[in-house]
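Student: Here's the letter readout for the chains.
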Amino acid sequence: MNFPLPDFFPASAEIFVLVMACVVLLADLFKSERQGWLPYLLTLATLAGALAIQVGTAGADTTLTFSGMFVDDRLSDVLKSCLYITVFAVVVYSRDYLMARGLERGEYYLLVLFATLGMQVMISANHFLTLYLGLELLSLAIYALVALDRESARSTEAAMKYFVLGALASGLLLYGMSMIYGATGTLEISAIARKLSDPATNMDVLRFGLVFLVAGLAFKIGVVPFHMWIPDVYHGAPTAITLLIGSAPKLAGFSMAIRLLVDGLPTLAVEWQQMLMMLAVLSIALGNVVAIAQTNVKRMLAYSTISHMGFMLLGLVSGVIELRASGDIQLSYAFGSAMFYTIAYVLMSAAAFGVLLLLTRAGVEAETLDDLKGLNRRSPWFAAVLMMVMFSMAGIPFFIGFFAKLAVLQAVVAAGYLYTAVFAVMLSLIGAFFYLRVVKLMYFDEPLDTAPLVASSEMRALLSVNALAIAVIGLMPQSLLTLCATALGQAMK
Amino acid sequence: MTDIPLLSLAIWLPIAGGLLVLASGDGRNTAFSKLIALVTALFGFLVTIPLYTGFDASSASMQFVELMPWVRDYNINYHLGVDGISMPFVILNSFITVLVVMAGWTVIEYKPSQYFAAFLIMSGLLNGIFSALDGILFYVFFEASLIPLYLVIGVWGGKNRVYAAFKFFLYTLLGSLLMLVALLYLFHKSGSFAILDWHREPLAMTAQSLIFWAFFASFAVKVPMWPVHTWLPDAHVEAPTGGSAVLAAIGLKLGAYGFLRFSLPIVPDAAQHFAPVVIGLSLIAVIYIGLVALAQTDMKKLVAYSSISHMGFVTLGFFIFNPLGIEGALVQMISHGFVSAAMFLCIGVLYDRMHTRNIADYGGVVNTMPKFAALFLLFAMANAGLPATSGFVGEFMVAMGAIQFNFWTGFAAATTLVLGAAYTLWMYKRVVFGDVANSHVAELDDINSREMLILGVLAVCTLAMGIWPQPVTEIMHATVNQLLDHVAAGKL
Numbered sequence: 001m002n003f004p005l006p007d008f009f010p011a012s013a014e015i016f017v018l019v020m021a022c023v024v025l026l027a028d029l030f031k032s033e034r035q036g037w038l039p040y041l042l043t044l045a046t047l048a049g050a051l052a053i054q055v056g057t058a059g060a061d062t063t064l065t066f067s068g069m070f071v072d073d074r075l076s077d078v079l080k081s082c083l084y085i086t087v088f089a090v091v092v093y094s095r096d097y098l099m100a101r102g103l104e105r106g107e108y109y110l111l112v113l114f115a116t117l118g119m120q121v122m123i124s125a126n127h128f129l130t131l132y133l134g135l136e137l138l139s140l141a142i143y144a145l146v147a148l149d150r151e152s153a154r155s156t157e158a159a160m161k162y163f164v165l166g167a168l169a170s171g172l173l174l175y176g177m178s179m180i181y182g183a184t185g186t187l188e189i190s191a192i193a194r195k196l197s198d199p200a201t202n203m204d205v206l207r208f209g210l211v212f213l214v215a216g217l218a219f220k221i222g223v224v225p226f227h228m229w230i231p232d233v234y235h236g237a238p239t240a241i242t243l244l245i246g247s248a249p250k251l252a253g254f255s256m257a258i259r260l261l262v263d264g265l266p267t268l269a270v271e272w273q274q275m276l277m278m279l280a281v282l283s284i285a286l287g288n289v290v291a292i293a294q295t296n297v298k299r300m301l302a303y304s305t306i307s308h309m310g311f312m313l314l315g316l317v318s319g320v321i322e323l324r325a326s327g328d329i330q331l332s333y334a335f336g337s338a339m340f341y342t343i344a345y346v347l348m349s350a351a352a353f354g355v356l357l358l359l360t361r362a363g364v365e366a367e368t369l370d371d372l373k374g375l376n377r378r379s380p381w382f383a384a385v386l387m388m389v390m391f392s393m394a395g396i397p398f399f400i401g402f403f404a405k406l407a408v409l410q411a412v413v414a415a416g417y418l419y420t421a422v423f424a425v426m427l428s429l430i431g432a433f434f435y436l437r438v439v440k441l442m443y444f445d446e447p448l449d450t451a452p453l454v455a456s457s458e459m460r461a462l463l464s465v466n467a468l469a470i471a472v473i474g475l476m477p478q479s480l481l482t483l484c485a486t487a488l489g490q491a492m493k
Numbered sequence: 001m002t003d004i005p006l007l008s009l010a011i012w013l014p015i016a017g018g019l020l021v022l023a024s025g026d027g028r029n030t031a032f033s034k035l036i037a038l039v040t041a042l043f044g045f046l047v048t049i050p051l052y053t054g055f056d057a058s059s060a061s062m063q064f065v066e067l068m069p070w071v072r073d074y075n076i077n078y079h080l081g082v083d084g085i086s087m088p089f090v091i092l093n094s095f096i097t098v099l100v101v102m103a104g105w106t107v108i109e110y111k112p113s114q115y116f117a118a119f120l121i122m123s124g125l126l127n128g129i130f131s132a133l134d135g136i137l138f139y140v141f142f143e144a145s146l147i148p149l150y151l152v153i154g155v156w157g158g159k160n161r162v163y164a165a166f167k168f169f170l171y172t173l174l175g176s177l178l179m180l181v182a183l184l185y186l187f188h189k190s191g192s193f194a195i196l197d198w199h200r201e202p203l204a205m206t207a208q209s210l211i212f213w214a215f216f217a218s219f220a221v222k223v224p225m226w227p228v229h230t231w232l233p234d235a236h237v238e239a240p241t242g243g244s245a246v247l248a249a250i251g252l253k254l255g256a257y258g259f260l261r262f263s264l265p266i267v268p269d270a271a272q273h274f275a276p277v278v279i280g281l282s283l284i285a286v287i288y289i290g291l292v293a294l295a296q297t298d299m300k301k302l303v304a305y306s307s308i309s310h311m312g313f314v315t316l317g318f319f320i321f322n323p324l325g326i327e328g329a330l331v332q333m334i335s336h337g338f339v340s341a342a343m344f345l346c347i348g349v350l351y352d353r354m355h356t357r358n359i360a361d362y363g364g365v366v367n368t369m370p371k372f373a374a375l376f377l378l379f380a381m382a383n384a385g386l387p388a389t390s391g392f393v394g395e396f397m398v399a400m401g402a403i404q405f406n407f408w409t410g411f412a413a414a415t416t417l418v419l420g421a422a423y424t425l426w427m428y429k430r431v432v433f434g435d436v437a438n439s440h441v442a443e444l445d446d447i448n449s450r451e452m453l454i455l456g457v458l459a460v461c462t463l464a465m466g467i468w469p470q471p472v473t474e475i476m477h478a479t480v481n482q483l484l485d486h487v488a489a490g491k492l
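Line order of the protein sequences matches chains W and D. Read in this note's numbering, the first sequence has 35 at position 35, and its numbers run on one by one without any break. Read in this note's numbering, the second sequence has 227 at position 227, and its numbers run on one by one without any break.
No lab work stands behind these hints, which were simulated from the structure alone. All values reported here derive from a predicted model rather than from experimental measurement. Please note that a few of the clues may not be correct.
[Said to hold, decoys possible] Below 30 Å or equal to it, Euclidean Cα-Cα: the simulated DSS-like pairs (lysine-lysine) are:
1. D:LYS167 x D:LYS301
2. D:LYS167 x D:LYS111
3. D:LYS301 x D:LYS371
4. D:LYS371 x D:LYS167
5. D:LYS159 x D:LYS491
6. W:LYS373 x D:LYS111
7. W:LYS373 x D:LYS429
8. D:LYS189 x D:LYS111
9. W:LYS373 x D:LYS159
[Said to hold, decoys possible] Residues from chain D that keep clear of chain W, each with C-beta distances beyond 10 Å, as calculated:
10. ALA165
11. VAL181
12. THR206
13. VAL277
14. TYR351
15. VAL366
16. GLU443
17. MET452
We treat Cβ as the ideally placed atom computed from N, Cα and C, and that holds for glycine.
Make the full structure from the sequences, and use the hints.
Tutor: In structure tokens form, the structure reads like this:
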């Protein structure tokens, strides 16, 4: 039997991260007392190296390797580059917090790198099994990270809850995949898309499977009614881990939606867009309304995530998929708007949790709204940073969140869902209230705690860059929009 | 015509200056921050003067146009330009900013650099609103200008500032979000975000009606028209003096300007169809809110209600569709910019000394502050619409226009001259005349040279515009006539 060696080149970033994860493991084992910084620096070097490799090997072509299970295309290049940058920021923001709590151990870096690897694999999946593999690698690493603080009952409870519900969702996803396999006889995503036009394919089984796929996907990105885990896990996990969960995996979740639904089941778009529409509308409504009642910032941001993911889904719902005679698919601009929204959200979320981490010190958790009081007196610049994030999340210009909302709403109106657009903006108004409340606490109230902020200079610098990115991309969104558009291979009408 | 991008300078110079002031911090060198603020505000005003001197009054087209692609994917352009309607407001805004910076000079003690930065940034954003010719650019400035005022009210405001700041922000956001959907719909229809393209875009009556109400939601809240005016008295009362002055002088004009730039030309048929509704609401504002103003015991609230009543006059002037009405309303807007700012600054002068705005706490101020009393009288008269002050010109023109349109509309509108005189002069009498009411009034110092300068400059503007309004009205003729022809032609 002929067994050719697969082309490893397109997966070089993944291989690099895997090797480096093992190096970090060993380095952690053999490092001396004084070399406590070694795993930290190695992790950062890994992420920077992965970014360099990704950018260096990026090309316009789509390459399949590992017998069509793995794809390297522009979408994966862009999303993975964003992924490395995000995880890099996450690691820098988290270090002080973890050190102060005695959690800054080798396992953290190792698990973060494995989670990164999982997300890389998810983003490049061209096969249901690859996708599942990546997803599980990500999830298992995150279950462990949530429970990183073994002493904390709340973290352990959150991890258990996440694990049980996550396993259930994986089960749903796997069940859906098996149905689709039953109908089409293949697990390869592009092959499934081809099979759809075959009249012999059993559409009922396919639709049945689709329901489970959407449910699994909805759980992973956390939209109503599969959102139950989000507030508890965001709240229960140590803030540094919440930062990780709340940022990078959204990129992988977006790619999962694109790979499964748009690439895999394009002709079933009418069906899955109807389902996603329900999920999106419910998420926007519930996320914005329930967030008002929260007194814990982490829970508030959790509900805000739900509404943002709902908004992102609106972009997917509004997209039109056109099958060209050549077999290529032409996507309408709406998908690019969803991608722009996802990247914008990741930027904002990272900065928001970053400021929360900045406010914590040894023995002090900053997580209730009261902890934000009077931040303007303690640190005008970081109050301004969080203010920018909040206005951006509320969709007020000149920040990136405005253009993200504009792009999605434009797609929604173009798709003819005028009343959905009105509904979405009205709920954004409700959402604006709790973002404004954060600004109010920082600027209008007296501080309860006047201790100066303690943070490493690299964290301050990176957080500032993160905030400036929110403002600068908000002023000049063109290049990121183009990037998203070309990544998805779309054309404007 | 020069090639200097004057409008961009008018927008970005104050914003850049504001960021610089912000960066200078609130450490020991607040004098330095204040100096940067004042210099930037002055330069911001100076760059707008060539807009007037270089303006071609015979042309109705956009002048000083700047056009650059901004977001190509959505055909959004950085497209600026002014015509006879918008140009005066750019200058007015930059002018008021200088006065507001001076007014806050010694009064603001908590984080002065943030205070001045907020005003400078707001000034740039407001100039952006008046000069934007792209729907999204307009919207972006329109929304972004909420942020500084929200902070100004919330940080430096009075006792109930949090409530007022939230009410102000959410009320205005409600309207503008509906407008955003209308803008997106227009883009979807026409494939462009250029406001001038939308003026030409044919639209069916149903679409026009929906767009009209979406715009109405945004602009009526901003004007504010009865019954969505309730945020304004709260915002005015709680805002610091400078915030009230900018809000009254410029903030309220945004809604009225929006009607002229968007509602009338983009949906002319719907505007005509629904004009009776708008006229009715405007008359309610003029008469009912005028009566409400009579009953106020808080000076700032009184002036706030008087602003609503005056703005009712402006919307009335727009929707009677004749040149006298629209030009009169525009003159009224500019005049109100001077007079209401002056009224709030006068109240600020008293408040800085007495820390109360309650009319009952005053009496006999003329005995201790004669210079102030004289200036305050001038502004009170202008607010009441006395001839030879700027307040008279606009009110008279609109009343004439309204009588041409319909006698009883004109009759009802003209009651403002009675009501305005009643509430303003009665307040003036209670505060300024009579015997010295209490020991606090007896200890008052008259205005210092800084306050004298601010109020004096405003007094000159008020009188000059009242005696010789020609320089202001002549730049509007061409634009207003073109607008009216456009509205009369309709789109159906």
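Student: Against the 30 Å threshold, does the CA-CA distance of LYS167 of chain D and LYS111 of chain D hold or violate the hint?
Tutor: 24 Å, holds
Student: Hey, is VAL366 of chain D genuinely clear of chain W, shortest beta carbon separation above 10 Å?
Tutor: 37 Å, holds
Student: Does LYS111 of chain D sit within 30 Å of LYS373 of chain W, going by the straight-line distance between their CA atoms?
Tutor: The given pair, whose Cα atoms are some 16 Å apart, holds under the 30 Å limit.
Student: With d taken as the least Cβ-Cβ distance between MET452 of chain D and chain W, does d exceed 10 Å?
Tutor: 33 Å, holds
Student: For the pair supplied as a hint, LYS371 of chain D and LYS167 of chain D, confirm whether the alpha-carbon distance does not exceed 30 Å.
Tutor: Violated, at about 37 Å.
Student: Decide if the proposed pair is consistent with the structure: LYS301 of chain D and LYS371 of chain D, CA atoms, cutoff 30 Å inclusive.
Tutor: Measuring from Cα to Cα gives roughly 24 Å; hence the hint holds.
Student: Confirm or reject: VAL181 of chain D is not an interface residue toward chain W, with every Cβ-Cβ distance exceeding 10 Å.
Tutor: 5 Å, violated
Student: Decide, holds or violated, for the assertion that all CB atoms of chain W are farther than 10 Å from the CB of VAL277 of chain D.
Tutor: 21 Å, holds
Student: Taking C-beta pairs only, is ALA165 of chain D more than 10 Å away from all of chain W?
Tutor: Nearest chain W Cβ is 7 Å from ALA165 of chain D, so the label is violated.
Student: Are all C-beta atoms of chain W more than 10 Å from that of GLU443 of chain D?
Tutor: Given that every Cβ of chain W is farther than 10 Å from that of GLU443 of chain D, nearest at about 31 Å, it holds.
Student: Has the given pair, LYS167 of chain D with LYS301 of chain D, been kept, meaning a C-alpha gap of at most 30 Å?
Tutor: 16 Å, holds
Student: Measure nothing beyond the straight line between the CA atoms of LYS159 of chain D and LYS491 of chain D; if it is 30 Å or shorter, mark the hint as holding.
Tutor: 50 Å, violated
Hints 4, 5, 7, 8, 10 and 11 from the earlier list are contradicted by this structure; the remaining hints agree with it.
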